[in-house]
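Line by line, the protein sequences give chains A, B, C, D and E. So for the first sequence, this note's numbering puts the first residue at 4; every next one is plus one. So for the second sequence, this note's numbering puts the first residue at 684; every next one is plus one. So for the third sequence, this note's numbering puts the first residue at 1262; every next one is plus one. So for the fourth sequence, this note's numbering puts the first residue at 99; every next one is plus one. So for the fifth sequence, this note's numbering puts the first residue at 730; every next one is plus one.
No lab work stands behind these hints: they were computed from the structure. Please note that the accuracy of each hint is not assured.
Said to hold, decoys possible - Covered stretches of chain E, going by a simulated chain A footprint (3 or more residues, C-beta under 8 Å):
1) 743-757
2) 767-778
3) 782-788
4) 791-805
5) 825-838
Note that beta-carbon positions come from the ideal geometry of N, C-alpha and C, so glycine has one too.
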Amino acid sequence: MVPIAYYLILAAILFSIGIAAFLIKRNVITIFMSIELMLNAVNLTFVAFSHMWHQVSGQIFVFFVMVVAAAEAAVGLAIIIALFRSRQTLNVDQVNLMRN
Amino acid sequence: MNPNLLWLIPLLPFAGFLINGTIGRKLPRPAVSAIALLFTAAPAVLVAQLWLYMKSAGAPDAISVVSRPWIAITGFQVNFSFAVDHLTLIMLGVVTGVGFLIHVYSASYMAEDEGYWRFFAYLNLFMFFMLVLVLAESFLLLFVGWEGVGLASYLLIGFYFTKDSAANAGKKAFIVNRIGDFGFLLAMFLLIQHFGSLSFSTVFAHVPTAAAPFTAICLLLVLGAAGKSAQIPLYVWLPDAMEGPTPVSALIHAATMVTAGIYMVARCHVLFDRSPTALLVVACIGAATALLAATIGMVQHDIKRVLAYSTVSQLGYMFMACGVAAYSAAIFHLMTHAFFKALLFLAAGSVIHALSGEQDMRVMGGLRKRIPVTFWTMTAGVFAIAGIPPFAAFFSKDEILYQAFISNNPLAKLLWAVGVLTAFLTSFYMFRLWFKTFFGARRFDEDALAHGQSTHAPHTDAAQGTSDPSTTAEHDSGQAAHPHGVHESSWIMLLPLVILAVFSIIGGWVGIPLAFGGHNEFEHFLHPVFSTLPELVTPEHFSFRDPEPILALISIAAALLGLLAAYVLYFRSPGRASDLALKARPVYSLLSHKYWVDEIYGAVLIGPLLAFSRFVLGGLIDAGLVQGAGSAAGSSARGLGSLVRRMQSGNIRSYAGWLALGAAAVILFTLFGLHPFHP
Amino acid sequence: MNPDRFILSLILLTPLVGAAVLAFIPEREGSKKHHWIALVFTLLTLLFTLHLPFYYIYGSGAFQYEVSLPWIANLAIRYHVGVDGLSMWLVVLTGLLAPLGVLASWNAIKTRTKTFFVLFLLQQVAMIGIFISLDLFLYYGFWELSLVPMTLLIATFGRTENRRRAAIKYFLYAFIPSAILLVGMIWLYVRTGTFDFVNLQALAAQHAISPNGHALWLCSLAFLIAFAVKVPIFPLHGWMTDAIVEAPTAAVMVLVGKLGLYSILRFSFGLFPDESRHIAPLLVALGAIGIVYGALNALVQNDLKRLASFSTLSHVSFIALGIFTFTISGIDGGTFQILNESLIGAALFILLGLLYERYGTYNMQDYGGLAARHPWMVTAFVLTSLAAVGLPMLNGFIGEFLILNGAMQSITKHHVLWTVVATTGVILSSAYMLWMIQRVFYGKLGVRPAEVTGWDLTAREHLELCPLVALFLIMGVASPFWMKAIDTFGIATADKLLAPNPGKFRHIEAETYSRPTSFVDPKLGADALGKPAPPENKGARY
Amino acid sequence: MSTNLLTLLPELILTITGILVMLIEPLIAPGRSRKPLGWLAIFGTALSGIAAYYQLQITNRTGALTGFYGTIQVDGFSVFFHLLIAAVVLVTLMGSLDYFELPVTHAGEYFALVLFGSTGMMFMTSSVELLMVFVGLEISSISTYILAGFRKAQATASESSLKYFLLGSFATAFFLYGIALCFGATGSTSIAAIAQGLAHTQTPLLAWLALAMIVIGLGFKVSAAPFHVWTPDVYQGAPAPVVGLMSTAPKAAAFAVLLRILYSGFPLYQQRWAVLIWLIAVLSMTIGNLGALLQTDVKRMLAYSSIAHAGYLLVAFTAFGPDGISAACFYTATYAAMNVGAFLVLGQISGFGEGARSIDDFTGMAARRPVLSALLAFFLLSLIGIPFTGGFFGKFYVFSAAIHSGNIWLAVIGLANSGVACFYYLRLLAALYTRPVPGESSVSGATLAPARIFSPAAGLALAATALATLALGIFPGRILHLTQRLSTEPATSGTPQALSAPSVDPR
Amino acid sequence: MQIALFIIFGLLAVLAALNLLFQRHPINSALSLVVVMMSLAVLYWSLGAEFLAAAQVIVYAGAVMVLFVFVVMLLNAGEEERTHGSKVAYIAGIPGAAAIFCLLAFVFLKNKTALGTTQLGGYLSSATSNIRDLSHVLFTSLLLPFEVTSILILIAILGAVVLARKEL
């Protein structure tokens, strides 16, 4: 008998931690991980609503999010590698050639 | 007589101007002067014919011609229209007659000048505008002539444009005249407002019944007249105008143009008669100017300047006459003045010519024998202006003084007293000029003159046309061009002098008042024009209680007193004048500096105006506010822009921070935002 | 085939075709090919514009040579062009100034001639478009378009290093208010569903545009401010000096005045009669202040072009003053003065350009004593200056006289005060113009002329100046030829805005000066000149 | 042809072409030019454009087509965007044929990525199912992430790519969250069903939250303030033709999605989102224009300008009803034409090496590259909104829609903004045409791409964009007609089919 | 039962997430993320999404995270340095994140009753799984997205190749 709202709040907590991690972390890979964390939070929301509405489409959505996350991971990590090659750093604070 | 010939009167000189102005440079000098003379003589002939016609029995009081409209908008129309009545006729006679004589004189006087063709083109242009002025049948057309003669005056004063003083004087003349025109324009606007027309006939026909601000209109017109006729406070340009060649001074700045103001006031007498205040102002201005200019004239050394101040002073007389509603007296004096002042200037020109350009009276003297014709003609002029009977000005000046005395003007007696005092001063300074120039010892260096070098005037050293024209700054340069000893002028120059001298003597006889047994034909002649005045004094009403003879005696006495004073100071004991000047040093200095009027104008009006323009308008408002508003807007936009730039730190984390903040804001707004349409 | 149907489109298209032709002709160093082609096209345009006055029906105040075709049907936007008494002469004027501009650039523009003439012709297209458009959308198109070639001309051919800044400044000053103008126009469109000026004017006359007076008021302000900046009217002239100082002669000739003033007359007065009347006292005051302000500033300039720019400000302020008096005299005079101002300004700037070509400076202190060297130039210069200061018998006088007269007859607040203030401009203008002449042409030979040998006007330069000078004289003497068209507009506009006050002005029949006893038929003189001139003071309205 | 296939036709053609490109790529020797692949891609894109036009003819006759269980809907609205995207891609491909110089490989992949990415964009515009939208969005996003970092040699390229990727994913998470909440509020992810569900939802707060999240996610994609921060950096680092592409086509698609979701998904909350969009529009216009004022890098400046243009476009959203949609579609088209054109010119002028970057580098360019300068000037004028260009008519249409709906002050702000905007466009414009200061050459010839005559393809592309920009300004009638017709469609889109019916109840 | 699962794994997920936040070495963070994912898998299962639970473990925790760890290893990423990058992230971002959380929580709590609760036993008591329904929907009404995902994956491969390949 757990209220759906609790699941949602749990998801919100994770989502917010994800945002916070994006803001605080300096390592590009960790920042990327925090995005994954946010996506997971959204997934939890989907599943909770899916449960609430008795509809599988929410779950299918999660399934697609996983696929997309995987694809993004592939591309994102490739980008990170490319960046590392040209800059020799993973610290986002040093990735600010372009500004203003 | 075909009235369309009226068009020709001004247009012929204009044709002369066009011919000489465009191709004159390529023509030989005789051709230039022939053209100019021809196109000046022809109008004179026409005017003579007109005169004969108008004098003949049964002739209309006025003839007029009207052209197609010049300005035509709904509700307001101005045509080119000329009209000739007796007033115009006198003016036409003066302008064409004196004008022609001066043209003749110039042909010789300017013979050596490089800008010969230009000079005659300008002179013809002046004739055109002056004739338009006097022929005009509407205020606007009169204004055309008014401005036009100002233009011609500007061009002729600045004829020796390479000389800064000449260019300055021309500019000053034009601008000061423009101040007068400012008043004239405003007066015209008021006339349109209240009469719906600028035609003399229309306006004057409605004046008796109309309720218009006549005082305002008249005062504005007076401002215009004061500018043109060199009255206080706008007289300052006329003395400077002597920078122009002497014939110009004679024609424009003595005989014709400067009298336009008097002509205009006389022409508008219907308006002035409705406003006693304006008349009073006119009279006061006239009297004050007459006195002021006469006092200054006493201490001038430049022969032309003496004459210039005398012109201002005489114009003051005419103004005063207008101010006491003695318009025909004013016009009478205008006419005689045209004769004798033109004569004086031309004779002065002859003197200058004789001395190869020298104008300073202090280095003249004893010329009586050397240039006898000039001397005798000049003498006629001097006696005329001094008011010695029976010379012309005696009658006209006397008429003015008499009219002032008997007028119902509250200041009548004072005006008369000022007039008499001025008459004394006039006589004094004119005889001073006469004595200093023609009598006494020779004060010039004849050898130097013979070699073309003046001990006094450094500006006569370079001969025109022989050196770089741009560096040649000549004063009446035609004179310096042929350095030789003191000599009498050619007969071409002397002939006009003689003719004018004759007129200076007999010119006043047409207006001998009844008191002296005359018929005052002049006044009768003008009667149709000034018919609103009370009926003329007829012999039946004549009585010996009339003060005219006594007044005349007083003014003759004043003139003789002036002669005597000048005789004592400048002939009998020439040193006494300078002693007197030393004794009364402050007064002398005040007079010789012309009451510091130019300086006061400079310091009070022009200087502050320029400073205000430069610093307040140019600096504070234009650079500060107008430009500053733009740049302030620009820089504030840039400031905001740099804020936006600072948002863009280049750091991904800060970008995410903005995103998060923005997201929070959007969510917040969506949930709790203002929803005007939503409960 | 009746050319009336397409003459306006032809006038509009000819320079456009010219620009296109020029754009495809390769440019070679030192070649005058582009000059000639531009000259041919501008002359062709002039020729076409001359059709207008010759076949114009002068009695009618309606739009003529009208064409109205659907353009963007979905939004009721039409290609609607036509001219009336206000715009007809302006079109001719634009046609006239273009060849003169080309001639004035003959030697001044040596490099990048293609760019120059393409832009120049485009500028002409835009200006003609502005004058003939009767559809608000079409009008706005040309209005904004007119900014572009000018901006580029200034940026490309500006004289000093400041040119880029000046160009941007000009554009910004003109564009930002125009953007707000667009809001006003769209608002009108939304309210009425039409962009057609004729329809809108009819609606405005019936007060049927919007019952919301407040919105209407704001809308009229949007219009007025956009136009006033372009004119420029006194405090909004921040762009002007820099632009004039930088721009090449041919561009300056068409830079100031007529577009904005025309637009005020056409659109502000046509669409917002009541609002315009409301704001008239302010504009009259600004006009009068602008006259004096411009004149006083001109008095203290050392740079010839800056002086000319302030004198231009003074002159356009005259016109603004005149049209906002809402009197026939003021509006007629103002409209006529637009023509005069353009011609005089053109002549003045051409002359300054010629001086610059010879001596390479606009600094007056470097000049002096040129009159002896360039008699023809000084003649043209003096004539132009005299026309500018309003010497009678030259064109400037008639405009200024009617304007000031209108100001005096107006019933706006404090009109007498402003008339007096404005009339002082007559004094001041002569002061600065004559001072300029003196400093440039009179006195001793100046620094620059002493170093450089100049030459008097060449045949081509005579060709540039002679038509202008001739026009000064002709327009000064025969103004009714122009005025009869302008007056139809004046009547229509002033009537609507200001009901005649029959009590104030008395109806006066003009009469001839001659007495009945005259032996001459007074008409005789008139007949001899070709046409009787019966005075036609039908109902004195001012 | 089955309906399903017909609804997919353009996407299908693009996909197949992309696969062909990838298949042929290894067959070309490493050192050889990849141009044939480019031509293939161009051919495929053109074909898909024709297919989209064919779809338009079909829908003209039969009305909207739906396919694949109602996940996609082909109507005038989607076809309009299909055509637009196809056109943008076509022009970009033509313009970038010569862009990749030989030592730089991956030209084949570039063409394939562009093709696949445009497939995703097309899917976005035609789908009425949020899952499909999401997948399409990811396809287009990921391909643009990659394309942004294509000039790997430049340090800025990978940085640009990384920033875009990280922040894009961050925003995607929000978008996704929005979809989740939407699903939570209505029990469906089909747009039509959402609209129905919202009518009687128990949890309107959730729906509002969903609305906010979706606006955030899509706001990021269209680079509307305050979600614009990535734009300048990414545009600056990315290759010019790619910027041209990604500032227009994905944006157009995102706008299409936003239009569909807002107008047909959330019509009930119109007042609520209208105010929100109002604010975002004002903020975007203002920040975009102010930010651009001080820029010296041309691409960065144009990036800010694209933020501002997103703001102008959003103005149209606030005009309720068909007017707004029509205006938004029209503006998208004009914006695409002029912006792609501008970036193509930049690419042609500065080349792959990007020799000319700052405004000063362009000083006096008109003397050296007259045609390109004239074209750039023309595009800049259109961006300013000078009449007789598409930019003007678009702006005019947008603001007249806004005024029509009573948003006069929004129009005033917007147009005042466009006044500010002209300052920075003019700086570039004036620089192009100013004579360079003598003695101080702006850019040495070496850093510039050699002043070659650009290839016929690029010339064609430039001519096409310029003509389109001009035509949209002078004869906007046809496009206007189309957008006005389609403007009624999003509101009726999506017949709720399978998804709206409660799925199998587990019990 | 369910509440116990929720509390335990929910707490675990939050703690692991916080650990991700506070760990300075990326490997530690990665492992924390794995813990989060595992916990979520349990929660999915408790909400009746068995298939997702499995997929979460296999795809996410298994494949994706391995990739992460691999890259961390490949790039030899060490502990992150303390650099002073952005104040905005702290000044604007953290309050923003907090505000987002508060707003979300506010909405969820406000609608707590309307959202209802999980049925005790729900899927857990059901003998059948929902995989059939899932696959039915996936291959009928959501067939197109499923197919189109292949393009996505293709792009990902392409991109990875393009970006990660060393230039000559």
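So, going through the hints one by one against the coordinates:
| no. | hint | result |
| --- | --- | --- |
| 1 | 743-757 | holds (count 6) |
| 2 | 767-778 | holds (count 6) |
| 3 | 782-788 | holds (count 3) |
| 4 | 791-805 | holds (count 8) |
| 5 | 825-838 | holds (count 9) |
Checked against the numbered hints given earlier, this structure breaks none of them.
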